[in-house]
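2 protein chains.
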Amino acid sequence: MDKIGFIGLGVMGRPMARNLIKAGYSMVVHDINREAVDELADEGAAPVSSAREVAEKSDVIITMLPDSPDVEAVVLGPEGVIEGVRSGQLFIDMSTIAPATALKVYQALQGKGVDALDAPVSGGDVGAKAGTLSIMVGGTDKAFKRAKSLFEVMGKNIVLIGEAGAGQVTKACNQVVVAITIQAVAEAMTLARKTGVDPAKVRDALLGGFAQSRILDLHGQRILDRNFEPGFRVRLHRKDLAIALQTGHEQSLPLPATAQAADMMDALLDQGKGDLDHSALALLVEELGGVEVDA
Amino acid sequence: MDKIGFIGLGVMGRPMARNLIKAGYSMVVHDINREAVDELADEGAAPVSSAREVAEKSDVIITMLPDSPDVEAVVLGPEGVIEGVRSGQLFIDMSTIAPATALKVYQALQGKGVDALDAPVSGGDVGAKAGTLSIMVGGTDKAFKRAKSLFEVMGKNIVLIGEAGAGQVTKACNQVVVAITIQAVAEAMTLARKTGVDPAKVRDALLGGFAQSRILDLHGQRILDRNFEPGFRVRLHRKDLAIALQTGHEQSLPLPATAQAADMMDALLDQGKGDLDHSALALLVEELGGVEVDA
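Protein chains in written order, with our numbering: chain A, 1 to 295; chain B, 1 to 295.
All clues stand as given, with none of them false.
The list cannot tell twin chains apart, which means a pair is met if one copy fits it or any two copies do.
Result set (DSS-like, lysine-lysine): computed pairs, CA atoms no more than 27 Å apart in a straight line:
1) 142 with 201
2) 148 with 201
3) 156 with 201
4) 201 with 104
5) 142 with 22
6) 104 with 239
7) 104 with 3
8) 239 with 201
9) 145 with 201
By construction, these hints were calculated from the structure, which means they are not laboratory data.
Based on the sequences and whatever the hints tell you, model everything.
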């Protein structure tokens, strides 16, 4: 059984690492947050003090970090993963980062004989705790096969999409569709409200036809309930749209509706609403139309 | 059993009227297209030569016309429905028109003791033929109850949303969500293509999570198959977005993503692609990014 190194024990990483411990894996863990490390040490993981050391003491290294610069620093920076690796190891980044960064990390590790997968997830902390994350994977078939049993501990909808970077591209596509669909639902429900039509009945009717979506169902209900507790925070979704827009930009591909959704999220951030659930896009559409809704 | 008058025997109206004939209703029909009238006359409907005459010879009058000005002319114009009605009749407009026009027609008919419902549909000509249309209804509960058995011949997802105009508002909301969701799917799938990632695999992966929608499923598949035969034409969807935007404008409610989708459709119309299926929005996103796709 591969020995697992896990770096990044935040809201997502902690329950993911915990599920691996529960599944019987021998674990080495690291995070800059000492408290998170201590918690997992109590549950049986071996704490170490650098990413380099994680690489030295494990066979498969998993990272779950906030953003592209974090992954780049932890893997390629001083005391980073790359300083501790040996040929034959497998590196899996499960963070949501830029496809270009995923590719850079992949190539650097290949140079050391280490295979790498980009394997971002969706499903949030609820999915991380329940071990039901969707996992979108980019990399070689061989590496995917080696990682599969680990992924099955953490998720359930696990797909190898393509070569290195393809997992991150898929995640970016996912975040594009989710953001724009929330905007669609927000505009429709606000149009109903402002014309005096019950948005709950409109949502019900629309769920029966071509307008059906999981967003209309779940986020539509959130908007009706005025439940903007995250869920998935506006500020994190805005970061993910930055990745999609930057990737489009590198490819000279304009993404007009994505850019517009990002602008809407910027306005929410400016209002101090970045820690609300992303369904709070509806608050902005309502405000644009001078619609006041009783809680 | 109410005697039914049906005005507007186009792509939608013809199969809807036919289903009513098959269900055993005695029918009076009218259209400016003589051929359509003759076809239904052969099947047992009684043709008459004006909307006024339809009203005179029926108990329930149904209209299925292209746009707001058509409904206004047929109901309120010379030789129109209003010249032939008598108290106690029911008028049902199943066209997709502006809520403001629906309200105007409703009020004019109320003045003659005639109740009215706005009952736009979704499901296209396929749904019209199969009798499986979704029907979104605005009007009184009493009128809805009277119309229900007729609606059940033509559709299956039949909802009374609210007062007069509420059916049209719901249809506008539906068209807003569908247009913006197609744009979302088009941007995501084009981003995948341009970065060298298989859009079919991205679609599959996204269908398993929060990005799931009927549009991603059906229109996503159309985009993969390069199947832009309508379906629902860009030019008709653009007309429906004009209704949504005008309704928003009357209420001082900006609908930024709706406006953007309308702009994209205008560009398609300008390219002579107005008679393609609305999933052709993907063609424009691909063109913006210089993406060439083999058929």
